[in-house]
Amino acid sequence: MMTLIKERVPTPERPVEERLKGFMEVNLGYTFELAVKEAERCLQCSPAPCTQGCPVHIDVPGFIRKLRENRDNPEKAVKEALEVIWACNTLPAITGRVCPQEDQCEAVCVMGKVGEPINIGKLERFVADYAREKGIDEKLLQEITPKIEKKKEKVAVIGAGPAGLTCAAELAKEGYQVTIFEALHKPGGVLVYGIPEFRLPKETIEKELEKLKKLGVEIKTDYVVGRTVTFDELLEEYDAVFIGTGAGTPKLLNIPGINLNGIYSANEFLTRVNLMKAYAFPEYETPIKVGKKVIVIGAGNTAMDAARTARRLGAEVTIAYRRGEEDVTARVEEVAHAKEEGVKFEFFLNPVEFIGDENGRVKAVKFMKMKPLEERDARGKRKIVPTGETVVLEADTVIIAIGKTTSKLLRMTLPQIEADEHGVIKVNENMMTNIPGVFAGGDAIRGEATVILAMGDGRKAAKGIKQYLEEKRKSS
Amino acid sequence: MYEILEKREIAANNVLYKIHAPHIARKVQPGQFVVVRAFENGERIPLTPVMWDAEEGWITLVTFIRGRTTLRMNMELQEGDKILNIAGPLGNPAPMKKFGKILAIGMITGIVEVYPIAKAWQEIGNEVITLHIVPEPMIILKEDLEKAVSKHIVESFPLKEGMGMPEIFKELVTRGQAKVRELIEKEKPDLVFMVGPARGQKAIFDVVKEYGIPMEVDLHPIMVDGTGMCGACRVTVGGEVKFACVDGPSFNAYEVNWEELIARSEFYADLEKEALEDYLTKLQQGGAQ
Ligand SMILES: Cc1cc2nc3c(=O)[nH]c(=O)nc-3n(C[C@H](O)[C@H](O)[C@H](O)COP(=O)(O)OP(=O)(O)OC[C@H]3O[C@@H](n4cnc5c(N)ncnc54)[C@H](O)[C@@H]3O)c2cc1C
Ligand SMILES: Cc1cc2nc3c(=O)[nH]c(=O)nc-3n(C[C@H](O)[C@H](O)[C@H](O)COP(=O)(O)OP(=O)(O)OC[C@H]3O[C@@H](n4cnc5c(N)ncnc54)[C@H](O)[C@@H]3O)c2cc1C
Ligand code: SF4
Ligand code: SF4
Ligand code: FES
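Residue numbers (my numbering), protein chains in the order written: chain A, -13 to 462; chain B, 2 to 290.
It cannot be assumed that every hint is accurate.
[To be verified] Lysine-lysine pairs mimicking DSS-like chemistry, simulated, CA-CA at most 25 Å apart:
| no. | chain 1 | residue 1 | chain 2 | residue 2 |
| --- | --- | --- | --- | --- |
| 1 | B | K83 | A | K263 |
| 2 | B | K283 | A | K263 |
| 3 | B | K83 | A | K172 |
| 4 | A | K275 | B | K274 |
| 5 | A | K140 | B | K28 |
| 6 | A | K199 | B | K83 |
| 7 | B | K243 | A | K394 |
| 8 | B | K243 | A | K275 |
| 9 | A | K275 | B | K283 |
| 10 | B | K28 | A | K394 |
| 11 | A | K172 | B | K28 |
| 12 | A | K352 | B | K243 |
| 13 | A | K263 | B | K274 |
Hint data in this document are derived by calculation from the structure and do not stem from the laboratory.
Just so you know, these numbers come straight off a predicted model, no measurement behind them.
Pulled out of the complex, with its shape left as it was, chain B reads as follows (with noise of 0.2 Å):
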């Protein structure tokens, strides 16, 4: 169990959690994700470390609350409770190399995934360039990410009354599209990563394969327990057969099967709408435990 040392609303529909897990934060490096299992009837899913502390033993995880289990990690978790289970670090770490100038790009909550990874790219002498494609009110990591990088920009809007994420999301590609043609035109990048929904990287990606620059992307398949034994993040890269767990998740943009990445992450929609209005009418009559 993993006692919640502190949690904290960072910015609108972002939640902190800052989690005793020394084990977790001996080992884990940018790049790195865990499971989480928040509850006993709950589901596995899978989180990234944002900043850790090895001496102190602690990790701390931000969710966008999404669906079901972010939602009720945020309605019935507090500081002192205890997280059931928390296995990792999972994944590969991210390459440690110099690549030259970085784009190192997040969309939304994809920024804090990016964070770890941009400041030790930077600590190795690239020189890494940060941009954060959100709404307004959504902004995270800004201060840090001033500190940590070369330069860091936000690309963001305000929310208007009665916008909806298909607007939302259209606004947030057509903004992005833009400034990372701006970006990359100005900056000349030696290599643009991202981090964010797959629709949105592969949004990106259009842009990006225009100029032909290399990319790498931080897959987000559907997950269930991370350690490569059940083929459920299968992604089809260069061709072959991947499982996002262990091979990954990182991945060159260009040999991803977009489409079939989408229409994967995209399969259980109508039963995660489901659990949520359970969840939701339950909360309503007072029945959430």
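Excised from the complex, chain A in its bound form (with noise of 0.2 Å):
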């Protein structure tokens, strides 16, 4: 009698111990084995609850299809399957490495109801990977270049995130010529400036970055619109304009001895050892100070990757989080990952003072213990209050990792667009902002939120972006 496959397929894990000792990616992936094998589990429902839960409704039965149809020629599986996420999603190689999963595609996944669901993300990141390794991707595109019309329209894009790079990758195919302004001395964004290579190979952005100049497309690093153009001066060159800066600026306690040294956002000790690679200090000119005892606060992703950070520059780690267990906001994978690594949590914790040495330093951080009530707040997480009661833990070096603003170098620079009291930007159903031309999408939008949405947003952007142009050709 055949049985129902309830298990995942499971995928190869770099031992704790190796991955300790550097930035090497931790999950390896599938092979064609057993990614055939994992694809096999999937029920072909149809309609797909998957491809609902998917921000941008990859047709995921469908790309599974092509996976298991041709199990006796890799290529021809792997080229066909691509096709199909590509027709939503040109970076599955990222999203299929830091999708939350578990709150998306899988998490309405049929098999998930009696087993454990599809591992969809990384059945993804095969097919991915397995293009590139064998030159499918590049192929692939090759079909595609020549068939793209150019045309005169020029569409300026700023910042090189997953918003900014989506939306001109999509707006490229379409024959528009475009040129990204990025800030900082690399594209990528949080991609390369915040995400490490364990979970996110450097190279894997490389290849995107590859693809999209293939296409067409001028990325300006050192660009900071605002400064070194104005946005005016976008308006009158381009016919066009997409914001996808991101949320750009860290949120800091305003608590006593918040600027004391050894506290770093982590979004500037993220940067440090990410884009500036102070790990290799001083073969690498950054340099980073990580003390024995390090505190990170918060519980996001941002959290986790500080957290698992800081563990492989050697010191003992310790997350301190206001609220409990259950309303951690980090993807799954990086908790358990994080816990594996030997980094400790502490919960109901809300600091209330950093205390320094003589010098400066911080030693210890002063917290609040918290309880929970049984009431929830607006986003279904348990409100907590104050016990009266204060813990001090000892550290020597703080990580702040409680999220993230808007820009303010662009509420500064362009106070005549519209958005909210937190600066985030407004935007219509085509993602147009009050400016004509000027369209918005990722972080920049939303506040913080996640790459496969940015990308999302870039996408829809690029068609409403489209739209207005033809618009503009027929008026004019």
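Put the two chains together into one complex; each comes in its own frame, and the hints tell you how they fit.
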């Protein structure tokens, strides 16, 4: 008798001891054989809830089917699967790795009702990685590019994060002339300065950027829009503008001692390590100081990344979160990896003061102990209240990972754009802002969100821009 | 990539780079800075455009050789070479207002940041007196400032054999403080402005505050991106946390938390020394590329 295979085909992972020695990728991904085995568990639902669960509506059963239909011809299988994915998502090597699948596609997978949902993220990643390894994506791209009909309109994209990169790629495929303006010396946004190599190897992003260049997109780094070039200048020279500046400003805690030495925003800590490679100091010249005891404040993806990075730099690491374990916002996989790697968790602790030594360096954090109520807030999290009892934990480094807000520079240099009180830009259903021809997406319009939502916005904005430019052409 | 059109040692330890950077030359205003990444494995460091020509498309930067990056730039970058990255201009331009009589002070290479601002203030009708507090071999921009402002004063002293950084610094502070006191009493400025190392700024501020004269300072905390993304450059001003790269770099000296600023700018001193020694070792062994 046939039995229902409830468990996932596991993906191999690097052993913990080896992980802690460097920044090599933790999850090693599927081989073709394993991928096909996992693909065979899929029920091929119609309609498919997983497709609805994915913010960009990838035809999940469709790409999975391509894998198993062509099990004797891996190249064909992957090419066809990639075509299905590319119809909605041009960066599967990235989303397969960093999407919070358990809240999206995999959350609603029918197999999840009785066992483990299909490992959609890892299958997506497999398709992208295998395609790249064998040059399949290259060939597919070559099939598309000659068909592109060059158009005369020029579009400026501000910010080279996932939102901007996706918008640029979609517009380039339509034949528009696209220039991306990026403030940093490297394009990629959070993907290069925030998310560490052990989760998303830099090479993955570089390959995606190469593709973009092949599509004819120009990327100008070191260009800080608002300073190097003003917004009005862009509007004069370009027919449309997309703002994908992200949520660049770190939130800090408004409590005594916040500016003591040894207190980093997660952005600074991760930028030093990822973008500037401070882990290889002094060969790489940017310094970082990670003491023996590190406390990370917050429990999102950023907090996990900071904590796991600090572990790799040799510190003992504790994550302190003001709520309970059930309200941790990071991806399940990251929390599991953090625990395996020896990161400790302390719940219901809310920082109230940083205590410094005589040289102005942090030496401890004072927390208020919190307790949960039954009542839940608008986001479904349990409300918490102070108990009145405090506790002091020693630390020589503290990393604040409590979130980010939109770019202050943008707000300063572009006051005419309509935004809410937090600087989150307002857009209509076509992603257009209050300024005609100016579109926006990603964290800039959402506060803090996810890579796939940023990409979805970039894609939607590209459609909006196309429509806008076509109408403009007709009326002129 | 940004080509070095000209490179010169304009005084001991002070190196001038004239760099092709048309988009920056077109936009930069007095008070703004740029962030330079000179090498693939290099640090991002803030530097200040001193002169520029929008039509010819160049800017000049002057570095004081302090640690690994400024030394390495001097050793490895020659005319015709290219600098990998220069982002900017960053920070807020200095306010172009009529203050009346201004005493603008630069300590050592800090004078390079004073120059464009002082010149512009003079041009819009202020009476600007500039003061350069500096060891004799490091005097720079003397003729340029003499041309640009009402009066340019150099307070300098010779470097004696065996004088280390601490002694030099002590001399800068004692002479600087005395000279500033003298100038305040004689000239009665409406505004004092100063650029230099944080400890030097603090020492001069201690004198100025006795007279209650308004004082503005361009601050130099450690920066990474220079665009407001990391918070490395945070300073406490008027009890609030500010990011020097987007809220500054100029602040009211009376509101700055000086102890904190000094501690923060010295946080990496041991690692900076290690990086420098590592580089010197490579040089000694002929291994630097
Ligand atoms: C540490 C960390 C871990 C994360 N982990 C995950 C994860 O696992 N999964 C997930 O889905 N999401 C994750 N996120 C969130 C996700 O990275 C973001 O939602 C996403 O990157 C937003 O994309 P974006 O394109 O809108 O902006 P960003 O990625 O922030 O990119 C914006 C770009 O614009 C540039 N820019 C800003 N201002 C200007 C200007 N004036 N001129 C020129 N350029 C400018 C910036 O330098 C930057 O490169 C994480 C975030 C962080 C910080
Ligand atoms: C807005 C601003 C404008 C500046 N303009 C000039 C200028 O025109 N000419 C000039 O010579 N110097 C200028 N500086 C200072 C210059 O950035 C430092 O001299 C340089 O970073 C030293 O690097 P280093 O590797 O040679 O020395 P290091 O040995 O690394 O450092 C020596 C000291 O320089 C400071 N410093 C180190 N790294 C940084 C950093 N990333 N950001 C800021 N300070 C740092 C620290 O206080 C440190 O103790 C400016 C600084 C700021 C913030
Ligand atoms: S893009 Fe993300 S949410 Fe969509 S199918 Fe892929 S992994 Fe799932
Ligand atoms: S819901 Fe799950 S089982 Fe159904 S098609 Fe999607 S991935 Fe396959
Ligand atoms: S240097 Fe990073 S925020 Fe100012």
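Going down the list of hints, with the structure as the test:
The straight-line distance between the Cα atoms of K83(B) and K263(A) is roughly 22 Å, inside the 25 Å bound, and the hint therefore holds. About 20 Å separates the Cα atoms of K283(B) and K263(A), which keeps this hinted pair within 25 Å; it holds. Proposed proximity of K83(B) and K172(A) is supported: the alpha carbons are some 17 Å apart, at most 25 Å. With a C-alpha separation of about 14 Å, the suggested pair K275(A) and K274(B) falls inside the 25 Å cut-off, and the hint holds.
Restraint check for K140(A) and K28(B): satisfied, since their Cα atoms lie roughly 23 Å apart, inside the 25 Å limit. For the proposed pair K199(A) and K83(B), the alpha carbon gap of about 23 Å is at most 25 Å, so the pair holds. Between K243(B) and K394(A) the CA atoms are separated by roughly 11 Å; this keeps the pair inside 25 Å, and the hint holds. Pair hint K243(B) plus K275(A) holds up; C-alpha atoms about 22 Å apart against a cutoff of 25 Å.
For the suggested pair K275(A) and K283(B), the alpha carbons sit about 23 Å apart, so the restraint of at most 25 Å is met. Distance check on the hinted pair: K28(B) and K394(A) sit about 20 Å apart at the alpha-carbon level, within 25 Å; holds. A C-alpha spacing of about 22 Å is found between K172(A) and K28(B), which places the hinted pair at or below 25 Å, so the restraint holds. Only pairs whose Cα atoms come within 25 Å are accepted, and K352(A) paired with K243(B) is accepted, the gap being roughly 23 Å.
A distance of roughly 18 Å separates the Cα atoms of K263(A) and K274(B); the hinted pair therefore holds under the 25 Å criterion.
Of the numbered hints given earlier, the model fails none.
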